[in-house]
Amino acid sequence: MNPIYLFFHKTGSPPWFYNFSGKLIPWLWAGFFLLTGYGLYLGLLVAPADYQQGESVRIMYVHVPAAWMSMMIYGLMAIWGFIALVWRIRIMEVLIISSAPIGAAFTIIALVTGSLWGRPTWGTYWVWDARLTSELVLLFLYFGVIALYNSYDEPRKAARAASLMSIVGAVNLPIIHFSVVWWNTLHQGSSIGTSGSSIHPSMLWPLLYMAIAFKLYYGANLLSRARVRLLKQDHRKRWVKDLLSKETS
Amino acid sequence: MSHTPFILASYLISAAVLLWAALSPVINKRGLLKQLKLRQARMEKTQ
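These protein sequence lines are chains Z and S, in that order. With the numbering used here applied, the first sequence has no gaps in its numbers, which climb one by one up to 249 at the end. With the numbering used here applied, the second sequence has no gaps in its numbers, which climb one by one up to 47 at the end.
Quick caveat, the hints were computed from the structure, so don't treat them as lab data. As the structure is a computational prediction, the values presented were derived from the model and not from experiment. All residues carry an ideal CB built from backbone N, CA and C; glycine is no exception. It is possible that some hints are incorrect.
To be verified - Derived coverage of chain Z by chain S (criterion: at least 3 residues anywhere in the stretch with Cβ under 8 Å from a Cβ of chain S; other residues may be distant): (1) 49-62; (2) 116-128; (3) 213-226; (4) 229-238.
To be verified - Here are the simulated distance ranges between beta carbons: (5) Leu8/S <-> Asn2/Z: 49 to 55 Å; (6) Val46/Z <-> Met43/S: 57 to 63 Å; (7) Thr46/S <-> Asn150/Z: 28 to 34 Å.
The task is simple: from the sequences and hints, build the whole structure.
This is how it looks when you write it as structure tokens:
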């Protein structure tokens, strides 16, 4: 069998996923701490202040990567939701519901830091413009997925409902992304796109380091949550019993 | 207007949210393992 197919085939097995993710998590945390340390050093101490916004631009190094993560995580949840509904792969269901609280956390960070950045630059903490409102809707979608999942007793049924909601809610992602193009908003347009970036490298690099660091954080946190959820769902199965006996001996 | 309080608040709140999100699965796992081990010990006793 092709090694890539074999890897995905193995990922579907809970004991294999549990062991493999356990080995991966420490490396992801190590990468996160290293990149965050370097990114914050560059962003807070080396990068210059903005000629218009002054020092407040330093909020960008946490706000922008958090906002990117909030959208990326929901996009992944929608893709996994589709896979879970079509192929009924249980690991995908676990990944969706494990992702939702992390996505909500990044959305809260994006909203709060955006609000704190808005006060010195726009003169207000909040305006009901398209970008801010659609990001707030994203937070409610995350809460909705979590609440819907927890409203069922049977995990597979709960996951199917959460998958469906993840897919339907994904309609909000292009609205968030294009809100600054489609409507007149206080929020600035994209500075980084497929055709390049309008940000000076001294500010771009710390931003990219922080963006990668947040992805590693997501990976480590997601796998940690998925492992706990698998243990909970499979607590009557042989592999969990073996694992517990190994830990107690 | 000094921007320092806004920058500090942004980073502190972000750190607090990320810390909470990172610690909650660790706390949950500890509680779950304790519960499962107790259950297993009880079952072994009855057999």
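Subject >> Pairwise beta carbon distance, threonine 46/S to asparagine 150/Z, judged against the given window 28 to 34 Å >> reply: Between threonine 46/S and asparagine 150/Z, where Cβ atoms are some 32 Å apart, the hint holds.
Subject >> Given coverage of the segment 116-128 of chain Z by chain S, checked by CB-CB distance under 8 Å (3 or more) >> reply: holds (count 4)
Original post:
Checking C-beta pairs, does the segment 49-62 of chain Z have three or more residues closer than 8 Å to chain S?
Top reply: holds (count 6)
Subject >> Given coverage of the segment 229-238 of chain Z by chain S, checked by CB-CB distance under 8 Å (3 or more) >> reply: holds (count 3)
Original post:
Do three or more residues from the segment 213-226 of chain Z put their C-beta atoms closer than 8 Å to C-beta atoms of chain S?
Top reply: holds (count 5)
Original post:
Has the hinted range 49 to 55 Å been met by the Cβ atoms of leucine 8/S and asparagine 2/Z?
Top reply: Between leucine 8/S and asparagine 2/Z, where Cβ atoms are some 51 Å apart, the hint holds.
**OP:** For valine 46/Z and methionine 43/S, compare the CB-CB distance with the range 57 to 63 Å and indicate the outcome.
**Re:** The hint (57 to 63 Å, Cβ to Cβ) holds, given that valine 46/Z and methionine 43/S are roughly 59 Å apart.
The structure shown violates none of the earlier numbered hints.
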